[in-house]
Amino acid sequence: AQRVTQPEKLLSVFKGAPVELKCNYSYSGSPELFWYVQYSRQRLQLLLRHISRESIKGFTADLNKGETSFHLKKPFAQEEDSAMYYCALDNAGNMLTFGGGTRLMVKP
Amino acid sequence: GAGVSQSPRYKVAKRGQDVALRCDPISGHVSLFWYQQALGQGPEFLTYFQNEAQLDKSGLPSDRFFAERPEGSVSTLKIQRTQQEDSAVYLCASSLALQGAEQFFGPGTRLTVL
Numbered sequence: 001a002q003r004v005t006q007p008e009k010l011l012s013v014f015k016g017a018p019v020e021l022k023c024n025y026s027y028s029g030s031p032e033l034f035w036y037v038q039y040s041r042q043r044l045q046l047l048l049r050h051i052s053r054e055s056i057k058g059f060t061a062d063l064n065k066g067e068t069s070f071h072l073k074k075p076f077a078q079e080e081d082s083a084m085y086y087c088a089l090d091n092a093g094n095m096l097t098f099g100g101g102t103r104l105m106v107k108p
Numbered sequence: 109g110a111g112v113s114q115s116p117r118y119k120v121a122k123r124g125q126d127v128a129l130r131c132d133p134i135s136g137h138v139s140l141f142w143y144q145q146a147l148g149q150g151p152e153f154l155t156y157f158q159n160e161a162q163l164d165k166s167g168l169p170s171d172r173f174f175a176e177r178p179e180g181s182v183s184t185l186k187i188q189r190t191q192q193e194d195s196a197v198y199l200c201a202s203s204l205a206l207q208g209a210e211q212f213f214g215p216g217t218r219l220t221v222l
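These protein sequence lines are chains A and B, in that order.
Numbering follows the working numbering, in which position 102 of the first sequence is assigned residue number 102; successive positions increment by one, without gaps.
For any residue, its number in the working numbering is found by taking its place in the second sequence, counting from 1, and adding 108.
Hints are computed from structural coordinates only; laboratory data are not their basis.
Hints are not guaranteed to be accurate.
[Unchecked claim] Facing chain A, a subset of chain B residues (Cβ under 10 Å, in silico):
| no. | residue |
| --- | --- |
| 1 | 156 |
| 2 | 163 |
| 3 | 201 |
| 4 | 206 |
| 5 | 208 |
| 6 | 213 |
[To be verified] Just the calculated beta-carbon pair ranges, DEER-fashion:
| no. | chain 1 | residue 1 | chain 2 | residue 2 | range |
| --- | --- | --- | --- | --- | --- |
| 7 | B | 125 | A | 64 | 41 to 51 Å |
| 8 | B | 176 | A | 76 | 46 to 56 Å |
| 9 | A | 15 | B | 178 | 45 to 55 Å |
| 10 | B | 195 | A | 84 | 13 to 23 Å |
| 11 | A | 52 | B | 146 | 24 to 34 Å |
| 12 | A | 52 | B | 117 | 42 to 52 Å |
| 13 | A | 29 | B | 111 | 24 to 34 Å |
| 14 | A | 65 | B | 123 | 25 to 35 Å |
| 15 | A | 105 | B | 184 | 31 to 41 Å |
| 16 | B | 195 | A | 7 | 40 to 50 Å |
| 17 | A | 107 | B | 178 | 44 to 54 Å |
Where a beta carbon is used, it is the ideal one built from N, C-alpha and C, also for glycine.
Produce the entire structure from the sequences given, and follow the hints as far as they go.
Okay, structure coming up:
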């Protein structure tokens, strides 16, 4: 069975500092991985997916199959990045398996 | 265009009552998903429809939970004889019928069972 783990419930950094939100997964097949974000009082929305290899709002994530990780990174955090971040895995059945989420707080 | 909508946004039920939660997906989206999100946790899959067909209901926690999408558009999640452990946010999402397609989420229904 697939599983997604986000080891940090809360990550607090100062504005301008680098950010890394950790995500590890277990899945026997070839995974499709996503990062979803939920800003305060807004709905859950897609931030980025590994297949598109995009940089969205300065965030990037690299799939490391050897370490079964998909960590989210940003070199310089901004206050508007404060939000809940969820790593998710899409199995062949299209359902998403989510991690427990990490709350990112960027302090001024 | 309009996104996924859900109603009601908040529901308070007494233990033992039946509740019905509604989801209006994005027009043209074939796939529809229901998730349950307990406080402080990530969303957990409940069930999945492709058009009117319920293809996966493996996440429904008990036979008190029932979902339908009779015309392949609007979906209803029904919970019979609600229990306190059913208190959660229920999220609906829709997507195009493509593997790996982005799921668009509704605002959720917060259910509180007293």
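Problem - Hints the structure fails to honour - result: 12, 14, 16
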